[in-house]
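Peer 1: Here our numbering is used: the first residue of the sequence shown is 198, the next is one more, and so on.
Hints in this document: simulated from the structure, not taken from any laboratory. One or more hints might be untrue.
[Said to hold, decoys possible] Simulated crosslink set (SDA-like; lysine to any residue; CA at most 25 Å straight-line):
(1) K328 with E344
(2) K319 with V379
(3) K319 with R253
(4) K328 with S298
(5) K328 with R312
(6) K328 with G310
(7) K296 with G310
(8) K328 with V379
(9) K328 with S351
(10) K328 with A381
(11) K319 with N309
(12) K296 with R355
(13) K296 with W252
(14) K296 with V269
(15) K328 with P363
(16) K296 with V369
(17) K296 with E344
(18) K328 with G299
(19) K319 with R250
(20) K319 with D273
(21) K296 with L334
(22) K319 with A248
[Stated by the list, open to error] Have a look at the derived ranges for each label pair, beta carbon to beta carbon:
(23) N286 with A234: 37 to 45 Å
(24) G310 with V379: 50 to 58 Å
(25) G289 with V242: 16 to 24 Å
(26) L233 with A287: 45 to 53 Å
(27) L237 with Q293: 18 to 26 Å
(28) A271 with R382: 47 to 55 Å
(29) T322 with H283: 42 to 50 Å
(30) P363 with G297: 29 to 37 Å
(31) P338 with D273: 46 to 54 Å
Computed from a predicted model, the values in this text were never measured in an experiment. We put the beta carbon where it would ideally sit given N, CA and C, even for glycine.
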Amino acid sequence: MARRRSSRRRSSDVSPAALAALAALGAATAYPWAALALGLLALVVMLGMWAQRRWRHRREREALLELEMAEVDAMDPRAFEVLVAHLLNAQGYRTQLTKGSGDFGVDVVASNGQRRIAVQVKRYTNALSAKPIGEVLVGMPHYHCNECMVVTNSTFTRPTVLAAAPHPCTLVDRHELARWMVQARQLAT
Numbered sequence: 198m199a200r201r202r203s204s205r206r207r208s209s210d211v212s213p214a215a216l217a218a219l220a221a222l223g224a225a226t227a228y229p230w231a232a233l234a235l236g237l238l239a240l241v242v243m244l245g246m247w248a249q250r251r252w253r254h255r256r257e258r259e260a261l262l263e264l265e266m267a268e269v270d271a272m273d274p275r276a277f278e279v280l281v282a283h284l285l286n287a288q289g290y291r292t293q294l295t296k297g298s299g300d301f302g303v304d305v306v307a308s309n310g311q312r313r314i315a316v317q318v319k320r321y322t323n324a325l326s327a328k329p330i331g332e333v334l335v336g337m338p339h340y341h342c343n344e345c346m347v348v349t350n351s352t353f354t355r356p357t358v359l360a361a362a363p364h365p366c367t368l369v370d371r372h373e374l375a376r377w378m379v380q381a382r383q384l385a386t
């Protein structure tokens, strides 16, 4: 004769999560302060998980940018100038590349309304000195510009940053250039 299965659950059939939920409910009714502590603990755990996912996503994005920046680092100087012109176009500027030599230190002229920017583009492996700032400041009047910008795939030395400060000169380093690349990609999709 076949045995009938009991419809009654055994204590071993209950999941640990269900037991924890029942314990929390019991604690909430008997000890309100315990329920508050459990709620805060759950909030801290959830925030930690969120922060970990965000940090992992950020690291992956930075690794992707570094891979793309490695490609930029390998570009020839004229290709880098073209890239910077495209990135400025993506930001709403009309751009014009200057001739290769005798350009008075200006590689790209970007304009948007009343703004006319003389841009010097430097693809370097080391940190940039203040020399490119002096060059682009000299070239500004030749191209009828009211601002200037130095864009590099590298970084700027502290004296360079200090030299640019009193002038209408924007410095765009490796990190800002990577942000420009991300923005341009987002606009393209």
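Peer 1: Work down the list of hints and note, for each, if the structure agrees.
Peer 2: Evaluated hints:
1. K328 with E344: Holds - the C-alpha atoms of E344 and K328 are around 17 Å apart, at most 25 Å.
2. K319 with V379: 20 Å, holds
3. K319 with R253: With Cα atoms ~32 Å apart, K319 and R253 exceed 25 Å; violated.
4. K328 with S298: Distance ~17 Å between K328 and S298 Cα, so the pair holds.
5. K328 with R312: With a Cα-Cα distance of about 24 Å, the restraint between K328 and R312 holds, given a limit of 25 Å.
6. K328 with G310: 29 Å, violated
7. K296 with G310: With a Cα-Cα distance of about 23 Å, the restraint between K296 and G310 holds, given a limit of 25 Å.
8. K328 with V379: Violated - the C-alpha atoms of V379 and K328 are around 29 Å apart, more than 25 Å.
9. K328 with S351: Given that 25 Å is the threshold and the Cα spacing comes to 15 Å, the pair holds.
10. K328 with A381: With a Cα-Cα distance of about 29 Å, the restraint between K328 and A381 is violated, given a limit of 25 Å.
11. K319 with N309: 22 Å, holds
12. K296 with R355: Judged against 25 Å, a Cα distance of about 30 Å means the pair is violated.
13. K296 with W252: Roughly 44 Å between the alpha carbons, so the hint for K296 and W252 is violated.
14. K296 with V269: 21 Å, holds
15. K328 with P363: Holds - the C-alpha atoms of P363 and K328 are around 15 Å apart, at most 25 Å.
16. K296 with V369: Holds, at about 22 Å.
17. K296 with E344: With a Cα-Cα distance of about 20 Å, the restraint between K296 and E344 holds, given a limit of 25 Å.
18. K328 with G299: Within the cut-off at roughly 16 Å; holds.
19. K319 with R250: Distance ~36 Å between K319 and R250 Cα, so the pair is violated.
20. K319 with D273: 11 Å, holds
21. K296 with L334: Holds, because 18 Å separates the two Cα atoms, which is no more than 25 Å.
22. K319 with A248: 37 Å, violated
23. N286 with A234: 37 to 45 Å: 56 Å, violated
24. G310 with V379: 50 to 58 Å: Violated, at about 25 Å.
25. G289 with V242: 16 to 24 Å: 44 Å, violated
26. L233 with A287: 45 to 53 Å: 50 Å, holds
27. L237 with Q293: 18 to 26 Å: Violated - the Cβ-Cβ distance for L237 and Q293, about 59 Å, lies outside 18 to 26 Å.
28. A271 with R382: 47 to 55 Å: 19 Å, violated
29. T322 with H283: 42 to 50 Å: Since T322 and H283 have Cβ atoms about 23 Å apart, the given range 42 to 50 Å is violated.
30. P363 with G297: 29 to 37 Å: Check passed, 30 Å falls within 29 to 37 Å.
31. P338 with D273: 46 to 54 Å: With Cβ atoms ~29 Å apart, the hint is violated.
The structure is inconsistent with the numbered hints 3, 6, 8, 10, 12, 13, 19, 22, 23, 24, 25, 27, 28, 29 and 31, although it conforms to all the rest.
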